[in-house]
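Undergrad: If you want the building blocks of each chain, they are given just below.
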Amino acid sequence: MANLKDLKLQINSVGSTKKITSAMKMVAASKLRRSQEKAESARPYSTRIEEMLSSLTSSNISGEGVIKLLKGTGKKENYLIVPVTADRGLCGGFNSSINRETFKYIKSLEKEGKKVNLITIGKKSRDFFTRSLKDKIIESFIDLGISGAGYDMAQQISNKIQKLYYDEKFDVCVLIYNQFKSAMTQTVTNQQLIPLDFEHKESENENIEVSNNSVYIYEPDESEILKDLLPKNVSIQIFKVLLESNAGEQGARMVAMDNATRNAGEMIDSLTLKYNRTRQAFITKELIEIISGAESV
Amino acid sequence: MESTIAFDLVSPEQLVFKDKVGMIIIPGKEGDIGVLPGHSKFLSSLRPGRVLVYGENKNLLKSFFVSDGFVEINPEKCIILSEEVEELSALEKSSIEKRIQELENETSEASKREYLIVKSKVEALEAKYYEKI
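Protein sequences, first through last, are from chains A and B. Numbering of the first sequence is given in numbering that gives the first Met the number 0, commencing with residue 0 and proceeding in unit increments. Numbering of the second sequence is given in numbering that gives the first Met the number 0, commencing with residue 0 and proceeding in unit increments.
Simulated from the structure, these hints should not be mistaken for laboratory data. As the structure is a computational prediction, the values presented were derived from the model and not from experiment. We put the CB at the ideal spot given by N, CA and C, even for glycine. Errors might be hidden in some of the hints.
27 Å max Cα-Cα, derived DSS-like pairs, lysine-lysine [unchecked claim]: (1) K114(A) - K168(A); (2) K159(A) - K111(B); (3) K226(A) - K19(B); (4) K28(B) - K226(A); (5) K76(B) - K37(A).
Partner residues aside, some chain B positions facing chain A, computed with beta carbon under 7 Å [said to hold, decoys possible]: (6) T3; (7) P11; (8) E12; (9) L14; (10) V15; (11) H38; (12) R46; (13) I78; (14) L80; (15) S110; (16) R112.
Just need the whole structure built from these sequences, with the hints factored in.
TA: What follows is the structure, encoded as structure tokens:
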């Protein structure tokens, strides 16, 4: 039979864990609201830039340099995979699902004979891939949470990726991140960053394109604007992904901590029951001893 | 014809300005662009410079500094996208000039770019503009 004191200690420790998890849940909830607001306020910019891009790309432009961001290098041999995770844990399957998916994706690409490199974003993916695929990591970006996933960070990442692209280190760049559906659900998404995923974009913006395509005056000409616009688009896509991932992290943590709090509550209930039963058993046993002692006298 | 045009000034982090205004002057890549209601459809990239926003009776409402970006104009709406937007009154000349001195000694690609932007900040501060048209 369990010791009463041990049970009491156990109840207390679960209780303090519960306090921590419920506090973390509150913090995550308020952070979630803030990062959702941020994602919200970034949306006008990214949708506008996508619209501009779609109205520009419908005209047929070819050329070297920046235009390659749009059309690709013509090969699909070298892949750059960018998994986006959080810096911290305790958020359910948020990080591990990204890492698992990325790992699977890399393996399938390697089976097809492609070469794969990695740029990791977030401490959790850095740690995971440093253990498993160290030689493939080109660079890691961490501490996104501290700056609150600012635009500067996105720009740094974007510059790095573009530099590698112009040096012909890779042909295709894919982001793997948690898309923010709601506080409850995040789906792991593969987004092709370079070259621009054309068909996908066009079907999305079809209506807009028809309405405002034909009669624009461009200054300077279309290809000049496109040259400015394409690198911006890469940065803004990354920025969007960072914000979504950040909101998703908070959502995932909120849900995970909510579950943990509930589980702790259940555990306290069952432990308290056990404690009371044990106590009762002790009392009964003592009574029996007294009574049987009295009888024998 | 409408006497106002909707004007949005958007940076990646937030929507900086959104209202109906009388006129906007924008630093286009190939020269300043004045936008009045009913402007024809137009798309341009920007150079670093100032954006002047005038109200319906053509008095100056606000002035911003933009580092770069794009403008999209149609008869009802004008949208500026820029990575760095600052209100002109929030810029301090002394700190900018200090920054210029620092940048003059650097040679990296990024600092050259920033140098140009900072330089045009000073120009934007010093340039003449009309309080009322």
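Undergrad: Determine for every hint whether it applies to the structure shown.
TA: Status of each hint after checking the structure:
{"no.": "1", "hint": "K114(A) - K168(A)", "in the structure": "holds (10 Å)"}
{"no.": "2", "hint": "K159(A) - K111(B)", "in the structure": "holds (18 Å)"}
{"no.": "3", "hint": "K226(A) - K19(B)", "in the structure": "violated (31 Å)"}
{"no.": "4", "hint": "K28(B) - K226(A)", "in the structure": "holds (13 Å)"}
{"no.": "5", "hint": "K76(B) - K37(A)", "in the structure": "holds (24 Å)"}
{"no.": "6", "hint": "T3", "in the structure": "violated (20 Å)"}
{"no.": "7", "hint": "P11", "in the structure": "holds (4 Å)"}
{"no.": "8", "hint": "E12", "in the structure": "holds (6 Å)"}
{"no.": "9", "hint": "L14", "in the structure": "holds (6 Å)"}
{"no.": "10", "hint": "V15", "in the structure": "violated (10 Å)"}
{"no.": "11", "hint": "H38", "in the structure": "violated (10 Å)"}
{"no.": "12", "hint": "R46", "in the structure": "violated (11 Å)"}
{"no.": "13", "hint": "I78", "in the structure": "holds (6 Å)"}
{"no.": "14", "hint": "L80", "in the structure": "holds (6 Å)"}
{"no.": "15", "hint": "S110", "in the structure": "violated (14 Å)"}
{"no.": "16", "hint": "R112", "in the structure": "violated (11 Å)"}
Checked against the numbered hints above, the structure breaks hints 3, 6, 10, 11, 12, 15 and 16 and satisfies the rest.
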